[in-house]
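**Student:** Sequence:
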Amino acid sequence: MSGPPPLAPVPVPAPALQRPAFEHLLARFEASAGEPPAARWQWLEAAHVLGQTRLGLHWRSHTAMLRYALQLRDGREVLGQVLRLALVPLGHLLQRLPTGNIGRAHVPALRPMVPAAHITARIHAALRAADIGATVRPG
1 MSGPPPLAPV PVPAPALQRP AFEHLLARFE ASAGEPPAAR WQWLEAAHVL GQTRLGLHWR
61 SHTAMLRYAL QLRDGREVLG QVLRLALVPL GHLLQRLPTG NIGRAHVPAL RPMVPAAHIT
121 ARIHAALRAA DIGATVRPG
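Numbered by our numbering, the letters in the sequence shown go through residues 1 to 139 in order.
FYI, nobody ran anything at the bench for these hints, they're computed from the structure.
Note that the structure is a prediction, hence the values are computed from the model and not measured.
Each residue gets a CB set at the ideal place from its N, CA and C atoms; glycine is no exception.
Among the hints, erroneous ones may be present.
Pairwise CB distance ranges, derived in the manner of DEER restraints [said to hold, decoys possible]:
1) Arg73 - Ala117: 28 to 34 angstroms
2) Ala31 - Leu90: 31 to 37 angstroms
3) Val12 - Gln71: 27 to 33 angstroms
4) Pro15 - Gly75: 35 to 41 angstroms
5) Ala14 - Leu83: 16 to 22 angstroms
6) Ala121 - Thr53: 27 to 33 angstroms
Please take these sequences and the hints and turn them into a complete structure.
**Tutor:** Structure, rendered in structure tokens:
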């Protein structure tokens, strides 16, 4: 019998790698168009966990989630993302950001979380890709 996925601590990225790694996760989401929705959501969840400490990235993660929920015609998720978009500026203003929260409608918006290992694995892979991209630039 399988239980819940194992949990892993939230990676803390080097500031220079956060945005490129976030972009990598969104690109992987876009490239995963043929995958089942549950697999595709994981890219957006990872992007949310990675980007939630920066207002612009945090906002973009929720707008991407909202667009995907609309595409899926998932009313509950659409409402959850609209609520979260309303909370994003307030959370940053009050410095009340729930570390590790995956940003989905089925989890409480203000609950800190330890993401599942498959989410942190995606974040680590994106950070490695961003680091390689930063060191191998055409000059």
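**Student:** For the hint 27 to 33 angstroms, verify it against the beta carbon of alanine 121 and that of threonine 53.
**Tutor:** Because 20 angstroms falls outside the window, the suggested range is violated.
**Student:** Quick check on a hinted range of 31 to 37 angstroms for alanine 31 and leucine 90, using CB atoms only.
**Tutor:** holds, 33 angstroms
**Student:** Falls inside 16 to 22 angstroms, the C-beta gap from alanine 14 to leucine 83?
**Tutor:** Between alanine 14 and leucine 83, where Cβ atoms are some 32 angstroms apart, the hint is violated.
**Student:** I want to verify a distance hint. Is the separation of the beta carbons of proline 15 and glycine 75 within 35 to 41 angstroms?
**Tutor:** For glycine 75 against proline 15, whose Cβ atoms are near 37 angstroms apart, the range 35 to 41 angstroms holds.
**Student:** Look at the Cβ atoms of arginine 73 and alanine 117 and judge whether their distance stays inside 28 to 34 angstroms.
**Tutor:** holds, 30 angstroms
**Student:** Is 27 to 33 angstroms a correct range for the gap between the Cβ atoms of valine 12 and glutamine 71?
**Tutor:** Distance hint for valine 12, glutamine 71 holds at roughly 32 angstroms.
Hint check: violations occur at hints 5 and 6; the rest are consistent with the structure.
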